[in-house]
Amino acid sequence: MQIVQQIVFVISLAIAGYFFYKNVSKIRRNILLGRDLDRTDNPKERWMTMLKVAFGQTKMVARPIPAILHFFVYIGFILINIEVLEIIIDGIFGTHRVFSFLGPVYDVAIGFFEVLALLVLVGCVLFLTRRFINRIPRFHNPEMKGWPTKDATIILITEIVLMLAILLMNASDQALQVKGAAHYAVAGSFPISQFFVPLFENASVESLVILERVFWWFHILGILVFLNYLPYSKHFHIILAFPNTYYSKLKPKGQVENIGSITNEVKMMMGMPDADSNAPPPESFGAKDVTDLTWKNIMDSYTCTECGRCTSVCPANQTGKLLSPRKIMMDTRDRAEEIGKRIDAGVTEPDDKNLLSYITAEELWACNSCNACAEECPINIDPLDIIGQLRQYLVMEKAEAPAELNMMFTNIENNGAPWQFSASDRDKWASEIG
Amino acid sequence: MSEKIHIPTVAELNAKGVTPDVLFWVGCAGSFDERAQKITKAMAKILVHLDVNFAILGKEESCTGDPAKRAGNEFLFQMQAMNNIAIMNGYGITKILTTCPHCFNTLKNEYPDLGGNYEVLHHTKYIQELINDGKLTFGKGDYKGKKITYHDSCYIGRANGIYDAPRDILHKLDAELVELKRCRSNGLCCGAGGAQIFKEAEKGTKEVNVERAEEAINTNATVIAANCPFCMTMLSDGVKHFNKENEVEVLDLAELVANANDL
Chain A
1 MQIVQQIVFV ISLAIAGYFF YKNVSKIRRN ILLGRDLDRT DNPKERWMTM LKVAFGQTKM
61 VARPIPAILH FFVYIGFILI NIEVLEIIID GIFGTHRVFS FLGPVYDVAI GFFEVLALLV
121 LVGCVLFLTR RFINRIPRFH NPEMKGWPTK DATIILITEI VLMLAILLMN ASDQALQVKG
181 AAHYAVAGSF PISQFFVPLF ENASVESLVI LERVFWWFHI LGILVFLNYL PYSKHFHIIL
241 AFPNTYYSKL KPKGQVENIG SITNEVKMMM GMPDADSNAP PPESFGAKDV TDLTWKNIMD
301 SYTCTECGRC TSVCPANQTG KLLSPRKIMM DTRDRAEEIG KRIDAGVTEP DDKNLLSYIT
361 AEELWACNSC NACAEECPIN IDPLDIIGQL RQYLVMEKAE APAELNMMFT NIENNGAPWQ
421 FSASDRDKWA SEIG
Chain B
1001 MSEKIHIPTV AELNAKGVTP DVLFWVGCAG SFDERAQKIT KAMAKILVHL DVNFAILGKE
1061 ESCTGDPAKR AGNEFLFQMQ AMNNIAIMNG YGITKILTTC PHCFNTLKNE YPDLGGNYEV
1121 LHHTKYIQEL INDGKLTFGK GDYKGKKITY HDSCYIGRAN GIYDAPRDIL HKLDAELVEL
1181 KRCRSNGLCC GAGGAQIFKE AEKGTKEVNV ERAEEAINTN ATVIAANCPF CMTMLSDGVK
1241 HFNKENEVEV LDLAELVANA NDL
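Line order of the protein sequences matches chains A and B. Take the first sequence: its position 46, counting from 1, is numbered 46 in this note's numbering, and each next residue is one higher. Take the second sequence: its position 169, counting from 1, is numbered 1169 in this note's numbering, and each next residue is one higher.
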């Protein structure tokens, strides 16, 4: 019987590992659909940014209540994984609580994990409360209808169920330990699950063993299934938050990269000596699809966990405009997924859609380029960078700028100012000073 | 100051074989917008008052290209930028002062890549330095104890991380700074950025500048301090929207400093 369990366990682990690897590889491939961008400079500063922002969650503290709840879930996620390691070793080798030889250290650790499990559980219950009972507005913008809200609910309920499984597993284990059952040596401390023990006290050793096994299996299979849910979910942020903050923009937020191919064109037009007349003319300007964006833009989109802080601080969104920076990120991911699925299906000809099938010009033109969204994001996602590139496409490829902006361009070309003033009046103020 | 102030151009100094220590980049709003011209004049008076060796480009100045860039017209931006760079490099400009955060941002962050390498200062930072160096003092205390609120412009604040210099100036003016609810890195845009000021806003429930002006008026401050000519327009319009223009003044930090020195 024991060996059968071990074989089933190893097979489950291998299947879960295989599918996870496969789906993560697909995400990696989709991210790399984006164009090149060098974000390998200043590794020291990058590590520091990652440690501070992702590991230390420094940008979460701006909103203290969700920050505390999120910290419970986050720290629980990281530390309970140590116990998962034990579960995996036990599963493969048929041992039981293999780390229990650590004695008092083990007892303290298991006790600590139980407290964490309770905190995760409480955190998730309160997250559900905030979302569905308090109805925090940022969880109910139009883009959250349907799947995104379902996704959030699945994540929170799964985490609650997984934590209950740990606690019930420990409670039944404890009941077995008390009864002196073989294979269940006294180990661990159970500050939380002790309260569940009365549920099991009257059960026979045989049925308790079955119960303990059921909870054990439920917990670990639940984790493996949840792991494989991640690549389909916004919850993938628990993985990508780290590389995404590592590859953060380190330059001032106000800086927008100059398009190099245009620099050369302009230099040629101006007859500048360092213009490269042999350089190929630029193929296209700006971005109309995710493949025109940088890989970091696409990584941003896969990292987004749809918390909506960006949208809640967006001046356009706060004043009722259509623009929602979160939707920009969700659309980018959806479009990358769509292209990825076509690649998976072996379709080579391009479809008749692009990122602008998802994002309307009205959204793009409502942006104030104020950087509130990028500043607010707890994991350094930059929606503005995508908006800017899409605007470039609309203006330079499609000539579809709003009429007033075209007027502004004309004024700059003719008078060197965005308004219709005569360039010769530029220093008129200087003659009127006194 | 009764005598006529002369603002030299770089070309004029150049003819005399002089290179200015500081180029005062006026910007389009500062040059043409009537309200913003007052900011320009205030800043120029401070420079004259302190005997700074500065000059303007005058008619040789042209739009930095910033609004074109934010609106997506990279071509126009780079043409403007390279023309401006050619002129400034031709004169051997090394240090630029500007009262416009948008000019500041693009000159400082986007020009170097195109061959324009200068020390670029926004006037809030520049004035702070003048105060710290003891060159600028405020004897009269016009603003002593006066309730002033400060609006962080996006392009000085979040875009470039300058939050303390303007507050420091208000502190030196002995004013009572009343912070807005959304301030510093949480500051709410005035509604002008991203080339919005050149077009009607998209359909919504409220104008951004009205939202921001409302917040500022609710602080009960008598002065809203700004650091950007576009914020100036938006906030002034917002204050007018609530018919509060007689109770609440929108003033640039340069104007506050000039007023405090009777310039």
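It is worth saying that the hints were derived from the structure and are not from the lab. Be a bit skeptical, because a hint or two may be false.
[What the hints assert, rightly or not] The calculated label-pair distances, taken between Cβ atoms and stated as ranges, are:
(1) A:S25 <-> B:G1115: 29 to 37 angstroms
(2) A:E349 <-> B:G1115: 38 to 46 angstroms
(3) A:I15 <-> B:R1184: 47 to 55 angstroms
(4) A:A275 <-> B:G1145: 32 to 40 angstroms
(5) A:E257 <-> B:I1005: 51 to 59 angstroms
(6) A:E349 <-> B:E1179: 55 to 63 angstroms
(7) A:K341 <-> B:N1243: 16 to 24 angstroms
(8) A:F195 <-> B:E1176: 15 to 23 angstroms
(9) A:K428 <-> B:D1133: 27 to 35 angstroms
(10) A:A275 <-> B:E1176: 51 to 59 angstroms
(11) A:N278 <-> B:E1179: 52 to 60 angstroms
[To be verified] When the alpha-carbon atoms are kept at most 25 angstroms apart in a straight line, the in silico PhoX-like pairs for lysine-lysine are as follows:
(12) B:K1038 <-> A:K428
(13) B:K1199 <-> A:K288
(14) B:K1203 <-> A:K145
(15) A:K398 <-> B:K1016
(16) A:K251 <-> B:K1135
(17) B:K1059 <-> B:K1147
[Claimed, not checked] Covered stretches of chain B, as calculated for chain A (at least 3 residues, CB under 8 angstroms):
(18) 1046-1059
(19) 1232-1246
All values derive from a computational prediction rather than experimental measurement. Cβ coordinates follow ideal geometry from the N, Cα and C atoms, glycine included.
Taking the hints in turn, this is what the structure says about them:
1. A:S25 <-> B:G1115: 29 to 37 angstroms: Given range 29 to 37 angstroms: violated, Cβ gap about 42 angstroms.
2. A:E349 <-> B:G1115: 38 to 46 angstroms: Cβ of A:E349 to Cβ of B:G1115: about 43 angstroms, so the range 38 to 46 angstroms holds.
3. A:I15 <-> B:R1184: 47 to 55 angstroms: holds (51 angstroms)
4. A:A275 <-> B:G1145: 32 to 40 angstroms: This hint is violated: roughly 59 angstroms between Cβ atoms.
5. A:E257 <-> B:I1005: 51 to 59 angstroms: violated (41 angstroms)
6. A:E349 <-> B:E1179: 55 to 63 angstroms: Holds - the Cβ-Cβ distance for A:E349 and B:E1179, about 57 angstroms, lies within 55 to 63 angstroms.
7. A:K341 <-> B:N1243: 16 to 24 angstroms: Violated, at about 57 angstroms.
8. A:F195 <-> B:E1176: 15 to 23 angstroms: violated (56 angstroms)
9. A:K428 <-> B:D1133: 27 to 35 angstroms: Holds, since A:K428 and B:D1133 (Cβ atoms, about 32 angstroms apart) stay within the stated range.
10. A:A275 <-> B:E1176: 51 to 59 angstroms: holds (56 angstroms)
11. A:N278 <-> B:E1179: 52 to 60 angstroms: The hinted range 52 to 60 angstroms holds for A:N278 and B:E1179, with Cβ atoms some 56 angstroms apart.
12. B:K1038 <-> A:K428: Status holds; Cα separation ~12 angstroms.
13. B:K1199 <-> A:K288: This hinted pair holds, its Cα atoms lying about 23 angstroms apart.
14. B:K1203 <-> A:K145: holds (22 angstroms)
15. A:K398 <-> B:K1016: violated (49 angstroms)
16. A:K251 <-> B:K1135: Violated. A:K251 to B:K1135 sits at ~32 angstroms, over the 25 angstroms cutoff.
17. B:K1059 <-> B:K1147: violated (39 angstroms)
18. 1046-1059: holds (count 3)
19. 1232-1246: violated (count 0)
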